[in-house]
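2 protein chains.
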Amino acid sequence: MAVYTAVSDEDLQAFVASYDIGEVTSFAGIAEGVENSNFMLRTTTGSYILTLYEKRVNPEDLPFFLGLMEHLAAKGMACPTPLHDREGRTLRTLNGKPGAIISFLDGMWPRRIQPQHCTGVGIAMGQLHTAGADFTMTRRNGLTLEDWRPLFEKSEARADEVCPGLADMLRRELDYLEAHWPRDLPRGVIHADLFPDNVFFKGAELSGVIDFYFACTDALAYDIAVCLNAWCFEPDGSFNITKARLMLSAYARLRQPSEAEIAALPVLCRGAAIRFLLTRLYDWLNHPEGAFVKPKDPMEYAHKLRFHQRASGPGDYGITAAAAAQ
Amino acid sequence: MAVYTAVSDEDLQAFVASYDIGEVTSFAGIAEGVENSNFMLRTTTGSYILTLYEKRVNPEDLPFFLGLMEHLAAKGMACPTPLHDREGRTLRTLNGKPGAIISFLDGMWPRRIQPQHCTGVGIAMGQLHTAGADFTMTRRNGLTLEDWRPLFEKSEARADEVCPGLADMLRRELDYLEAHWPRDLPRGVIHADLFPDNVFFKGAELSGVIDFYFACTDALAYDIAVCLNAWCFEPDGSFNITKARLMLSAYARLRQPSEAEIAALPVLCRGAAIRFLLTRLYDWLNHPEGAFVKPKDPMEYAHKLRFHQRASGPGDYGITAAAAAQ
Numbered sequence: 001m002a003v004y005t006a007v008s009d010e011d012l013q014a015f016v017a018s019y020d021i022g023e024v025t026s027f028a029g030i031a032e033g034v035e036n037s038n039f040m041l042r043t044t045t046g047s048y049i050l051t052l053y054e055k056r057v058n059p060e061d062l063p064f065f066l067g068l069m070e071h072l073a074a075k076g077m078a079c080p081t082p083l084h085d086r087e088g089r090t091l092r093t094l095n096g097k098p099g100a101i102i103s104f105l106d107g108m109w110p111r112r113i114q115p116q117h118c119t120g121v122g123i124a125m126g127q128l129h130t131a132g133a134d135f136t137m138t139r140r141n142g143l144t145l146e147d148w149r150p151l152f153e154k155s156e157a158r159a160d161e162v163c164p165g166l167a168d169m170l171r172r173e174l175d176y177l178e179a180h181w182p183r184d185l186p187r188g189v190i191h192a193d194l195f196p197d198n199v200f201f202k203g204a205e206l207s208g209v210i211d212f213y214f215a216c217t218d219a220l221a222y223d224i225a226v227c228l229n230a231w232c233f234e235p236d237g238s239f240n241i242t243k244a245r246l247m248l249s250a251y252a253r254l255r256q257p258s259e260a261e262i263a264a265l266p267v268l269c270r271g272a273a274i275r276f277l278l279t280r281l282y283d284w285l286n287h288p289e290g291a292f293v294k295p296k297d298p299m300e301y302a303h304k305l306r307f308h309q310r311a312s313g314p315g316d317y318g319i320t321a322a323a324a325a326q
Numbered sequence: 001m002a003v004y005t006a007v008s009d010e011d012l013q014a015f016v017a018s019y020d021i022g023e024v025t026s027f028a029g030i031a032e033g034v035e036n037s038n039f040m041l042r043t044t045t046g047s048y049i050l051t052l053y054e055k056r057v058n059p060e061d062l063p064f065f066l067g068l069m070e071h072l073a074a075k076g077m078a079c080p081t082p083l084h085d086r087e088g089r090t091l092r093t094l095n096g097k098p099g100a101i102i103s104f105l106d107g108m109w110p111r112r113i114q115p116q117h118c119t120g121v122g123i124a125m126g127q128l129h130t131a132g133a134d135f136t137m138t139r140r141n142g143l144t145l146e147d148w149r150p151l152f153e154k155s156e157a158r159a160d161e162v163c164p165g166l167a168d169m170l171r172r173e174l175d176y177l178e179a180h181w182p183r184d185l186p187r188g189v190i191h192a193d194l195f196p197d198n199v200f201f202k203g204a205e206l207s208g209v210i211d212f213y214f215a216c217t218d219a220l221a222y223d224i225a226v227c228l229n230a231w232c233f234e235p236d237g238s239f240n241i242t243k244a245r246l247m248l249s250a251y252a253r254l255r256q257p258s259e260a261e262i263a264a265l266p267v268l269c270r271g272a273a274i275r276f277l278l279t280r281l282y283d284w285l286n287h288p289e290g291a292f293v294k295p296k297d298p299m300e301y302a303h304k305l306r307f308h309q310r311a312s313g314p315g316d317y318g319i320t321a322a323a324a325a326q
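Protein chains in written order, with the UniProt record's numbering: chain A, 1 to 326; chain B, 1 to 326.
Careful, some of the hints might be misleading.
To be verified - No farther apart than 27 Å at their CA atoms in a straight line, the calculated lysine-lysine pairs in the DSS-like style are these:
| hint | chain 1 | residue 1 | chain 2 | residue 2 |
| --- | --- | --- | --- | --- |
| 1 | A | Lys55 | A | Lys97 |
| 2 | B | Lys202 | B | Lys75 |
| 3 | B | Lys97 | A | Lys296 |
| 4 | B | Lys202 | B | Lys154 |
| 5 | B | Lys296 | A | Lys97 |
| 6 | A | Lys296 | B | Lys202 |
| 7 | B | Lys202 | A | Lys97 |
| 8 | A | Lys55 | B | Lys296 |
| 9 | A | Lys202 | B | Lys75 |
Said to hold, decoys possible - These stretches of chain B come out as covered by chain A in the derived footprint (C-beta under 8 Å, 3 or more residues):
| hint | segment |
| --- | --- |
| 10 | 15-28 |
| 11 | 96-108 |
Because the hints were derived from the structure by calculation, they are not lab data.
We treat Cβ as the ideally placed atom computed from N, Cα and C, and that holds for glycine.
Sequences are here, hints too, so could you generate the full structure?
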């Protein structure tokens, strides 16, 4: 829910004139996404997204993000791709901020997750992991194991305001994860934030993936764990094994996960759960009182974490290496 | 900056299916406007705006607003028009809220006002006042003379927090306006909120007017006064006579204001200034701390009001009946 930067019509027209995309016919801020300012830009040649990168994005990471989108799109993946201006640049400056014009992607993200959406996200993730295999740039995941304890410590003193006992639970979970985190799984480019609002569908069909601004180089199976958390729990908190199976079998059509990856899913799911729990907890404790953007409930992820803590193996997710290969 | 209502893809698809506009291809909340939830809706047949009316709009007023847009568009005015569903209805319900699909208008509102924009808004206002002359519905202006004192009283005790002496100044201004408000000027449909963000241009050319949700039946010249306030002051607070003359002469090409209307402009400008000053003051004193939507500065309108209080007549605005008729 963000348009942080105001753009004047004159500045915009001059900016657009440096691309070969015709003249501006309409321009409006988009009320989705909280990290950057996004605008729907229409010109005499088509529709585009103008993104201005706000302070939560490190400008040094932008060549990675834009290069990745371009690489994936060139490989045929349905995702936005940055446009080149008349001098060949994708990363530009507008209103003193880094910015880019990217292609517009049709589709809607699913507000209520149906089983076929889980098939779609499995396909999208499989496409991403295979198309990204020969992408040469790398980026460290800034929200992985080593980052969680320092992030926790920023909220530790007040965590129990959200739920009594939460600080202690998180402390013990971090101990567990630091002792058991798998370190030798196949690595590559992952999306790392493949939530429903980043996956577009037209009807039941996947139409593309957006928002690569957490993408990084990490264990491929960690992306699966993020998706199991984000797509396979029902609103009542129960885990939907059917959805998990659909996701994994769709993924396996493009890339077959190894037995080691399948076996690691419960601990990876614990890690993915604590990662979103910790950022939500921090935002919950630090958002301005009465702010328009309501922070997301960290306890949703505490409940998911508890499910994973109790899981005895990938079978509790309905997943086996054989099932994934179906 | 508003998307207050979340709309699920299934509800949206069912809603759109009741119109003859094809199938949804994309859907995104628009981060402009604070009264309603607006969405950019694209279908296989074109682009539309879906508006859901939130609690600041009285549902009983919606037939007036939608009927007015349809009337004006049918008369050839460039403005959005509500679509009819397969049963002929324009006003519908979605997610338990009143809603409508309206046509999409190309163009951008001017962030920095140039003289030619003042010509454009003069034309738009003239078109509105002439095209609206035979619109048969009426709606009382809910923010006119009788409403200002009760609105002021809600902020009176804390007005001096914004600026020492403000409460006293406002009290005396209301006394003046209650004694001098003109009551026999030509009346008709006015927009009543014709600010730059409600007037679209393509390059220097007016492309249309949006946001009729303050429209009402009132003195036509009051609309001119709103526009003199909103379009003819420079960022440094000075009044730009050239812009005022361009606006009035463009308006007069479509509708010649009477001498009585011209003579009343200074007091109408005082009224228009206090109307926006009072709503901004209320919002300033009552917005949640740290809210994402920054309230507009009420003192901008206190300075404009002071300019009007000092004006000795329409000549101080560069305006005479003869000049308007040029």
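Going down the list of hints, with the structure as the test:
1. For the hint pairing lysine 55/A with lysine 97/A, the CA-to-CA distance comes to about 9 Å; that is within 27 Å, so the pair holds.
2. Between the alpha carbons of lysine 202/B and lysine 75/B the distance comes to roughly 21 Å, so the proposed pair stays at or under 27 Å and holds.
3. Proximity of lysine 97/B to lysine 296/A is assessed by CA-CA distance (about 24 Å); at most 27 Å being required, the pair is judged to hold.
4. Of the supplied pair hints, the one linking lysine 202/B and lysine 154/B is violated, its CA atoms being roughly 41 Å apart against a limit of 27 Å.
5. Distance restraint check for lysine 296/B and lysine 97/A: the Cα-Cα separation of roughly 24 Å lies within the 27 Å cut-off, and the hinted pair is therefore satisfied.
6. With a C-alpha separation of about 39 Å, the suggested pairing of lysine 296/A with lysine 202/B is violated against the 27 Å cut-off.
7. Between lysine 202/B and lysine 97/A the CA atoms are separated by roughly 25 Å; this keeps the pair inside 27 Å, and the hint holds.
8. Straight-line distance between C-alpha atoms of lysine 55/A and lysine 296/B comes to about 24 Å, which keeps the hinted pair within the 27 Å bound.
9. Distance check on the hinted pair: lysine 202/A and lysine 75/B sit about 37 Å apart at the alpha-carbon level, beyond 27 Å; violated.
10. A count of 6 residues in the segment 15-28 of chain B with a Cβ less than 8 Å from any Cβ of chain A is obtained; the coverage claim is therefore met, three being the minimum.
11. Counting residues of the segment 96-108 of chain B whose C-beta lies closer than 8 Å to any C-beta of chain A gives 5; at least three are required, and the coverage claim holds.
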